[in-house]
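A.B. asks: Each chain is listed here by its residues.
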Amino acid sequence: MNETTGKQGLSGNKGNHGVSRRAVLAGAGTVAAVAAIGFPNIVRAQSKTLKVGVYGGYFKESFEKHIFPDFSKASGITVEPVAEPTGEAWLVQLEQAARARQAPADVSMMSQVAMLKGMSAELWAPYDMSKLPNAAKVMPHLINKYPDGKVSGIGAVSWYITLVTNTKAYPQAPDSWAALWDPANKDKLGLLALVSNSFLLEVTAATFFGGTKHLDTEQGQLDCFKKLAELKNNVKLWYRDEAQFEAALKSGEIPMGQYYHDVTGLAAADGNPVRSTFPKEGGINDSGSWAISRASKAGDLAHVFVDYMCQPQVQALLSRKVGTAPTIDRKLTDLTDKEFAAVSSDIPPIIPRYDLYQAKSDWLNQKWTEMIVG
Amino acid sequence: MIRRAPRTLAEHSPILFPALMLVVFFVIPFSLMIAVSVFRRVPGGFYEPDFVFSNYERFLTTFFGGVMSFSLGLAALVAAMSVGIAFPFTYRLVRLPRVNQIRWLVFLLSILSLSEVIIGFAWSTLLSRTAGITNLFVALGLMSEPMALSPSFGALLAGLVYQAFPYTVLVLYPSLARFDPNLVEAARTLGASPLKSFLTVVVPGQRNTIVATTIMVFVFALGSYLLPQLLGKPQHWTLSVLITDQAIYQANMPFAAAMAVFLVLVSLALVGLALLAGRKEEAA
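Line order of the protein sequences matches chains A and B. Just so we're on the same page, the numbering used here is the position in the first sequence counted from 1, plus 5. Just so we're on the same page, the numbering used here is the position in the second sequence counted from 1, plus 75.
Simulated from the structure, these hints should not be mistaken for lab results. Keep in mind that a hint or two might mislead.
The calculated DSS-like cross-link candidates involving lysine-lysine, where the alpha carbons are at most 25 Å apart (straight line), are [as the list claims (entries may be wrong)]:
#1 191(A) <-> 308(B)
#2 231(A) <-> 271(B)
#3 231(A) <-> 53(A)
#4 308(B) <-> 232(A)
#5 255(A) <-> 326(A)
#6 302(A) <-> 56(A)
#7 155(A) <-> 343(A)
#8 372(A) <-> 237(A)
#9 271(B) <-> 237(A)
#10 372(A) <-> 308(B)
#11 255(A) <-> 271(B)
#12 142(A) <-> 343(A)
#13 231(A) <-> 372(A)
#14 343(A) <-> 326(A)
Take the sequences, apply the hints, and build the full model.
C.D. replies: Structure follows, in structure tokens:
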């Protein structure tokens, strides 16, 4: 998926900045102790292995370093990490393997559009929520459900795309996404190049049409396309490659645009003249979910894993070490204001209309391409 | 050495290996692509085996026609410029002492080792407002303030020609190295200027090489999809960029395959036309 590609693309940057700079407050020991109490059945799980699919690159490395060892210690389950390829290739592989009753990974981190597509093929085994006491804390918009109400996915990680600026070119931070449309910003913007990873239709709807509900109808979608076409002259670069935009933002070549909140924060902490602003309309909140393949024979172990991942301590650890926003209410975690601000915001987010990218993807893509190319 | 046409299997055997490779690495993948291009796209899902032409129908619009003509025009321009620069360059190169020739060739080969990503980033930095070449012009008093030259059509063209140039030289080199210098000397003795002898003796003598090289660079440039994204504006995105979008980001394999098949057919047709035109001229 595109959002997958996005996070993978920026992984290199994060690696360079050294995430370890973020201090660990709750040590791994605490997590292990709490988790051990939480899992009395660990003996049963001894010598069992669980194949966990995570986005290859930065995510896989971070999880192998900060998450999986503690989980294995706490649960006795050995994790076999599987690097997921980008795009929807992983979904295709899981689906084809499931037809042959194979599961290349028991539980995988999936982007939201991939979740929906998998649901239409009933690829995901429904969760037994009674085995997931900690999942009750996960924010409702990060829970995926089948039409009959069964849960197909549980929020794994979430992150924000925000309005970013070069502080030298913009001494004053913009406070609204409307800044993208300001004629004064001609030739100054860097925006993501695809309809399904820039989420600019949602931004337009939230900024000018009172919310993403406006995208319910085709007329509403066309309104947003029309409004979006007005900012074309301001765009210098429609980027697919995050590194290209990040470099241009730092140097001031392209002083404004949309980018990942946590990475921009890391770049600023490194002394680069950049800032990330949560506009008053909200940042774009994208996320990945844990989903169990219906072909998996390790469903029980997968439940143990997903429940473990939903714990406040683990979510806090993810925020500190991996840079993702907590999938649960921040009040449940011990994140300080500063730590929380580094990965998230209290301003209500713009949540992408993933349903549209499943139901009308070809049409939206065609309209989008014609808009920016034409 | 067998002078007559090969008859037995043993005599045919030297060609079996390349034939096999051609089947495995070209015929089979291309057939698969043609097959997928008539499959049915399942919106919001994947694709199912079928026999429909809707993927081709979607392609036959003025929008994709425009992108297609731009891609072909760009590739032709890149080919013409690369050969236009590389031919005189190689002609001079083969006349240098051996040591200098080797130095140049090693230099060109080292450019080939650069990835497309590095070339794209290097050119976008070189043509940027903040760190680019215009700062030098400002320092020299040629310009009043630095400006961004990328992304633009010129930047894209520069990047593509830069990337194609070493290939072009390496393809032209063997043929030009074998070219008999006595022919030029004869022309000079008969009173032709160096330029005239180059244009009337060397260029016509190397016509087939030039045509073949131009076609090779044309096809090479047609497949480029990274540089247009890094150095061009959206209106400079080639059909290859849109194919990548469909295949990787939209998971719409049938449509991507249909576009790719169309691109291959059109370029094959153009190459055929070029060869045909060349043959007619020769006959005349």
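A.B. asks: Now, for every hint given, state plainly whether the structure supports it.
C.D. replies: Each hint tested on the structure:
1. 191(A) <-> 308(B): At roughly 15 Å apart (the allowed maximum being 25 Å), residue 308(B) and residue 191(A) satisfy the hint.
2. 231(A) <-> 271(B): Given pair residue 231(A), residue 271(B) is violated - Cα atoms ~58 Å apart, limit 25 Å.
3. 231(A) <-> 53(A): Given pair residue 231(A), residue 53(A) is violated - Cα atoms ~55 Å apart, limit 25 Å.
4. 308(B) <-> 232(A): holds (20 Å)
5. 255(A) <-> 326(A): holds (23 Å)
6. 302(A) <-> 56(A): holds (11 Å)
7. 155(A) <-> 343(A): Roughly 37 Å separates the two Cα atoms, so the pair is violated.
8. 372(A) <-> 237(A): holds (14 Å)
9. 271(B) <-> 237(A): Violated - the C-alpha atoms of residue 237(A) and residue 271(B) are around 50 Å apart, more than 25 Å.
10. 372(A) <-> 308(B): holds (17 Å)
11. 255(A) <-> 271(B): violated (53 Å)
12. 142(A) <-> 343(A): Given pair residue 142(A), residue 343(A) holds - Cα atoms ~22 Å apart, limit 25 Å.
13. 231(A) <-> 372(A): Judged against 25 Å, a Cα distance of about 10 Å means the pair holds.
14. 343(A) <-> 326(A): holds (14 Å)
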